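Novice: Given only the sequences and the hints, what does the whole structure look like? Please build it.
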Amino acid sequence: MSIEIKVPPVGESITEVVLSRWVKNDGEAVEMDEVIAELESDKATFELTAEQAGTLKIVAAEGDTLAIGAVVCQIEDGGAAAPKAAEEAAPAAQKPAADQAAAPVPERTGDSYATGTPSPSAGKILAEKGVDPASVKGTGVDGRITKEDAVSAQKAAQPAAKVEAPKAAVAAPVAGSRNERKEKMSPLRKTVAKRLVTVKNETAMLTTFNEVNMKPVMDLRGKYKDQFKEKYGVGLGFMSFFTKAVCEALKDFPSVNARIDGESVVFNDFADISIAVSAPKGLVVPVIRNAESMSLAQIEKTVIELATKARDSKLTIEEMTGGTFTITNGGVFGSMMSTPIINAPQSAILGMHNIIERPVAEKGEVVIRPMMYLALSYDHRIIDGRESVGFLVRVKQLLEDPARLLLGI
Amino acid sequence: MQYDVVVIGSGPGGYVGAIRCAQLGLKTAVIEKYKTFGGTCLNVGCIPSKALLDSSEHYHNAAHTFQTHGISLKDLKVDMPQMIARKNDVVAQNTAGIQYLFKKNKIDSFEGVGSFVDKNTIKITNNGKSETITAKHVIIATGSKPTTLPFLPIDKKRIITSTEALDINEVPKQMIVIGGGVIGLELGSVYARLGTKVSVIEFMPSLLGAMDAGLGKELQRVLKKSLGMEFFMNHKVTGATVEGEKVTVTATNAKGEELKFDAEYCIVAVGRTAYTAGLDLENIGLKTEERGNKIPVNDHLETAVPGVYAIGDVVKGAMLAHKAEDEGIYVAERIAGQKPHINYNLIPGVVYTWPEVASVGFTEEQLKEKGQQYKTGSFPFKASGRAKASMDTDGFVKVLADAKTDEILGVHMIGPRAADMIAEAVVAMEFRASAEDIARICHAHPTYTEAFKEAAMGATENRAIHI
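Each protein sequence line maps, in turn, to chains S and X.
For the first sequence, my numbering gives the first residue as 1, with consecutive numbering after it.
For the second sequence, my numbering gives the first residue as 410, with consecutive numbering after it.
Keep in mind that the hints were calculated from the coordinates and are not lab data.
A hint or two may mislead.
[Said to hold, decoys possible] Here are some chain X residues pointing at chain S (derived, C-beta under 8 Å):
{"id": "1", "residue": "Lys538"}
{"id": "2", "residue": "Ser539"}
{"id": "3", "residue": "Gln747"}
{"id": "4", "residue": "Thr814"}
{"id": "5", "residue": "Glu816"}
{"id": "6", "residue": "Glu839"}
{"id": "7", "residue": "Phe840"}
{"id": "8", "residue": "Arg841"}
[Said to hold, decoys possible] Here are the simulated DSSO-like pairs of lysine-lysine, each with C-alpha atoms no more than 30 Å apart in a straight line:
{"id": "9", "chain 1": "S", "residue 1": "Lys124", "chain 2": "X", "residue 2": "Lys554"}
{"id": "10", "chain 1": "X", "residue 1": "Lys554", "chain 2": "S", "residue 2": "Lys129"}
{"id": "11", "chain 1": "S", "residue 1": "Lys137", "chain 2": "X", "residue 2": "Lys813"}
{"id": "12", "chain 1": "S", "residue 1": "Lys281", "chain 2": "X", "residue 2": "Lys748"}
{"id": "13", "chain 1": "X", "residue 1": "Lys444", "chain 2": "S", "residue 2": "Lys129"}
{"id": "14", "chain 1": "X", "residue 1": "Lys513", "chain 2": "S", "residue 2": "Lys182"}
{"id": "15", "chain 1": "S", "residue 1": "Lys124", "chain 2": "X", "residue 2": "Lys545"}
{"id": "16", "chain 1": "X", "residue 1": "Lys748", "chain 2": "S", "residue 2": "Lys182"}
{"id": "17", "chain 1": "X", "residue 1": "Lys813", "chain 2": "S", "residue 2": "Lys129"}
{"id": "18", "chain 1": "X", "residue 1": "Lys444", "chain 2": "X", "residue 2": "Lys554"}
{"id": "19", "chain 1": "S", "residue 1": "Lys124", "chain 2": "X", "residue 2": "Lys513"}
{"id": "20", "chain 1": "S", "residue 1": "Lys147", "chain 2": "X", "residue 2": "Lys748"}
This one's a predicted model, so the numbers in the text were calculated from it and none came from an experiment.
Glycine residues also receive a C-beta, built at the ideal position from the N, C-alpha and C atoms.
Specialist: This is the structure:
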């Protein structure tokens, strides 16, 4: 008996998916619940699993766009074991029973000495991109980096992209290639593009700026980070302070935490904070639910969990839906100042930036302080200037005097 | 004319580099001193020697193994002028091929000696006439010449180098080869197969000194047995005299006794020396190394003068055509702003005797010196069905693998078609395959390559099937 495997309903707003990759090949034996293919919607990547054991018969091809409920493949009863044995029996005589290894072949474990070894072509591509092979996940045998891995590798989102010393000798690109490459936009990219333009067109968006002296938070962090790590098992980062400060400020300025729904304004008594994370396939925005009632440790843990999932493309639709306010940190890339775009249907987004030592005036004296510029982009339709500026000032106050976070003042 | 790149020398390094430059959109010119392109490799090296090796091997088989195969021949004889003519034809076809490739890639070529006026200006001199061209980048690919010994003047008639050895129009009765390296053994083989009594005089205790010691030992045994070649190891040549058609070489053995060797020809094959004559390197402030005359370059094959590169035999590293080719491509891509890489540990070495010898990676001697723990797997061709069928049962394949990780560290083979088979080992090592990886990869049966698989099984956990 054979069964058909169809595209499962993966989320409310999703009507079609793209079959990004077959994990198993046509005619291959599959186990029940084994991953057989990867599907990609405009929001996330899913794994398609076998609903019964048997032989895979592929119907849809890689790259196909499939509607929910469309047939992806069939699984026919009877694994590959039986027919293979018969095949083997026939032309055996030729060689003495050479290949019948007595002991079962030990499973290859993920890591070997060759893990992360780029192939010769992959090595060249990575060198030219300036990507450290150590940051690339190899899909070849034992984790070797294939040419394809190298082609799709992104420069790591680490600060200080290493600037190569200008080459003394070679006046380089006189004759460089002028080849153009055309690549199909992924569904995720298309959605991002569409939504960003929509937001620009349909909101009255503008940005207000402020700056924050990070010394108090850094001092606090320096003082307690070891104890914090010991007790909670996570590092004490800046993200938890910003999330906490934002939640506090949102209480004082509820319209910043609201959204427009037709003719009405929807206010939220909770703060679901979306955090923008750079993932391999593009920007994703997972949500920290009820951040207002979380401790700093809980926030840190959640951030790490979501960021890891984002990096591995394992975020579910639920984890990315909702959110009442977004924090984005361009500082990790070295951004000094920017005007982020609102994550619709939310009404405001906070942009964090890099921390730079700048001379500032304090009590009539010039001192050096670790400073960060803050940007708040907001929808002027429901947030007035007084509220947006007030919100940002409040965030600044809370960060410059973290004791206020404790006291709620 | 103004060029992006000017290449001096059209050997395998120069012409390949020039084509790669042209592919990358650089306006490229090549300067060649001789009438034909291709350098040593195509004119007086790799290609003509292989032509004679193949011809002489056919004769040797006809004379010695055909009968066992059940083929009878009467009046078998060597037609040396025809053999040389065919070799010349092979050379002509190959060098003409390069001319075609230059044209196809719109590369300008100049005949004459290229020399530096300054780092961007090259003067080309031919028969007293000269012209200058300019270039943003210059690649020196002038190659090498046979090394000569001060006490052994080459007269090019009786005391000869590999170049003249390719044009002897007779089968000598006796020949002396000074140097038991690749060139000496290949040319010695040619004449030994044709019936010449060949004596090899070598200063060192073993043949093919730089290769894994097991290979030289086995090759010496086989050449002695099947071709009747004589080997005088640990012998120091002290001089040679020519009298009419006879050359007498004197040498002292390890005990200090003097010996005399008589023959019609003496091939001096003691290595090759980088060739830079006429480049006028001093005009751009470059000096060659005292030992070996090589042009010093950095890791990117750029000389101390920015924009001037050098590749192939004229720089450090093994003097091999395929190493020069890869360096030509490397420099072309660097000039175009790319970032290629050459793995110098994985440049295979090949000797076209029969059996052939081929090798890549570390030798046992090197691993011992490094103190690295390793496993060995070896498989003799006498246990190979394919080798039995073709009567090529001499030799073996040896795989050296890391004792802990099983990664292949070196592969050394002597046997039929080893020169072609080594490619598999190079690919495997470029991808850092383990011995078990090779043992688990299906090899067609019956082939010589099964010996590599069996040796890999041996290295994995001493579980070769067929021994």
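Novice: Look at each hint and say if it fits the structure.
Specialist: Okay, the hints, checked on the actual structure:
The interface hint given for lysine 538/X is broken, as the beta carbon of that residue sits about 31 Å from the closest beta carbon of chain S, more than 8 Å. Given hint, serine 539/X at the interface with chain S, is violated; its Cβ is 27 Å from that chain's nearest Cβ, farther than 8 Å. Annotation: interface hint on glutamine 747/X holds; nearest CB of chain S at approximately 6 Å, less than 8 Å. Checking threonine 814/X against chain S by beta carbon gives a least distance of about 4 Å; that is within 8 Å, so the hint holds.
Look at glutamate 816/X: its Cβ gets to within about 6 Å of chain S, closer than 8 Å, so that hint holds up. With a cut of 8 Å, the hint placing glutamate 839/X at the interface with chain S holds, because the nearest CB-to-CB distance is about 6 Å. A hinted interface residue such as phenylalanine 840/X counts as satisfied when its beta carbon comes closer than 8 Å to some beta carbon of chain S; here the least separation is about 6 Å, so the hint holds. At a threshold of 8 Å, the smallest CB-CB gap from arginine 841/X to chain S is about 4 Å, leaving the interface hint in force.
Taken as a hint, the lysine 124/S and lysine 554/X pair is broken in the structure, with Cα atoms around 33 Å apart against an allowance of 30 Å. A threshold of 30 Å between alpha carbons decides the hint, and for lysine 554/X with lysine 129/S the separation of about 41 Å lies outside it, so the pair is violated. Simply put, lysine 137/S and lysine 813/X have alpha-carbon atoms about 24 Å apart, close enough for the 30 Å limit, and the pair holds. Between lysine 281/S and lysine 748/X, the direct Cα distance comes to roughly 26 Å. Compliance with the 30 Å bound is thereby established for this hinted pair.
With a C-alpha separation of about 43 Å, the suggested pair lysine 444/X and lysine 129/S falls outside the 30 Å cut-off, and the hint is violated. Taking the CA atoms of lysine 513/X and lysine 182/S, the gap is about 29 Å. The hint holds against a cut of 30 Å. Restraint check for lysine 124/S and lysine 545/X: satisfied, since their Cα atoms lie roughly 24 Å apart, inside the 30 Å limit. The hinted pair formed by lysine 748/X and lysine 182/S meets the criterion: a straight-line CA distance of about 23 Å does not exceed 30 Å.
Proposed proximity of lysine 813/X and lysine 129/S is contradicted: the alpha carbons are some 33 Å apart, above 30 Å. With a C-alpha separation of about 17 Å, the suggested pairing of lysine 444/X with lysine 554/X holds against the 30 Å cut-off. Between lysine 124/S and lysine 513/X, the direct Cα distance comes to roughly 27 Å. Compliance with the 30 Å bound is thereby established for this hinted pair. Restraint check for lysine 147/S and lysine 748/X: satisfied, since their Cα atoms lie roughly 15 Å apart, inside the 30 Å limit.
Consistency with the previously given hints fails for numbers 1, 2, 9, 10, 13 and 17, ordered from lowest to highest.
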